[in-house]
Amino acid sequence: MQTCITDSAEEAARILNAGKIVAFPTETVYGLGAGIDFPEAVEGLFRAKGRPSDNPLIVHVSSVEQVEMAAARVTTDARRLMERFFPGPLTIVFPKSPRVPHSVTAGLETVGIRCPRHPVAREFLSRCCCPVAAPSANRSGRPSATTWQAVQEDLDGRIDAILKGEASRIGLESTIVDCTGPHPVMLRAGAVSLEELQSIVPSTTAARPLREGETPKSPGLKYPHYAPEATIIPIEKEETPSPEGRAAYIGTAPAPKGMAFVEQCPDLEAYARSLFHFFRECDRRAISTIYCELPPTAGIGRALLDRINRAAGRP
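Residue 1 is where the sequence shown starts when you use full-length UniProt numbering, and the numbers rise one by one after that.
It should be emphasised that the hints constitute simulated quantities derived from the structure, not laboratory data. If you're wondering where the values come from, they're calculated on a predicted model, not measured in any experiment. Keep in mind that the hints are not guaranteed to be accurate.
Restraint ranges, calculated between C-beta atoms of paired labels, are given here [said to hold, decoys possible]: (1) Ala72 to Met1: 34 to 44 Å; (2) Glu10 to Gly258: 11 to 21 Å; (3) Met1 to Ala167: 17 to 27 Å; (4) Glu236 to Glu10: 44 to 54 Å; (5) Gly313 to Glu239: 41 to 51 Å; (6) Gly245 to Cys4: 51 to 61 Å.
All residues carry an ideal CB built from backbone N, CA and C; glycine is no exception.
Please model the complete structure; the sequences and the hints are all you need to start from.
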């Protein structure tokens with residue numbers, strides 16, 4: 001398969017509307033899309049990524065009005081969250097409509113829906129003939145792609161097209177909140193913090209850990225994710241490790257001595273934006289150990305800590 005690389009949202013949508021698979025930019029990370037009305041294309045997403053079939057996909061729409069194309073019911077809490085955070089880096093879990101195939105939801109009767117803010121994503125989605133199911137555009141288990149070049153690195157020859165755009169502004173996947181119960185539950189941390197969710201719906205809580213054998217309602221909860229080839233060691237700001245071999249460091253504090261590669265970040269937002277690109281660059285530089293500064297757990301720090309711990313194999 002030859003992968004078409006284009007900067008035309010119209011061309012990319014035309015390819016997707018023919019039942020094909022298209023990667024596209026969003027403000028969080030790049031997504032790998034297939035129309036929900038094309039079951040074979042949805043199944044192809046799992047093959048292209050090497051993704052387990054019990055890991056649900058997020059459905060992407062171009063507007064709030066399109067939510068009801070994939071959701072069977074919209075609660076008052078969900079509507080309040082949409083009014084504040086759509087379009088943006090928030091995914092809301094709804095009861096699914098019959099239109100959404102179970103291959104998208106891992107057999108569940110719920111579906112996560114997001115309306116991205118990224119202008120290229122919105123133009124692309126507005127030209128698609130149906131809502132678009134899309135996991136992150138990378139091989140399963142690898143760091144998420146935040147540039148079109150990273151998508152090409154992982155998936156060239158495995159998907160039909162890549163819609164080019166600028167590097168993702170946020171760099172971490174969306175916050176996911178479940179609105180199918182009596183009160184909202186944050187399933188996955190992201191750029192929209194728990195505190196921001198609670199400012200709109202005060203009863204919002206964070207989810208309990210997933211039980212063994214339980215099918216997750218959202219991606220990013222069950223399987224190892226985001227990992228480069230190197231061993232990842234989270235460290236406190238004050239720690240001074242003695243690295244062996246080729247080591248790298250990323251964080252906001254000054255780097256410990258002896259690092260072969262350093263990403264000094266001015267703030268937590270830059271840290272989050274740089275993390276996955278940094279992991280991929282470490283692979284290119286044959287880094288054997290990565291030291292990641294442990295961020296605070298407020299704001300986007302909670303999401304950043306989650307991704308670091310999962311990449312280190314300690315969710």
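Right, here's what the structure says about each hint:
1. One distance hint, 34 to 44 Å for the beta-carbon pair Ala72 and Met1, holds here, with the actual separation near 35 Å.
2. Distance hint for Glu10 and Gly258: a CB-CB separation of about 51 Å, inconsistent with the stated range 11 to 21 Å.
3. The given range of 17 to 27 Å is respected by Met1 and Ala167, whose C-beta atoms sit roughly 26 Å from each other.
4. At about 50 Å, the CB distance of Glu236 to Glu10 agrees with the hint of 44 to 54 Å.
5. Here the CB-CB span from Gly313 to Glu239 is close to 19 Å, at odds with the stated 41 to 51 Å.
6. Distance hint for Gly245 and Cys4: a CB-CB separation of about 40 Å, inconsistent with the stated range 51 to 61 Å.
In the structure shown, a violation is registered for the earlier hints numbered 2, 5 and 6, in ascending order.
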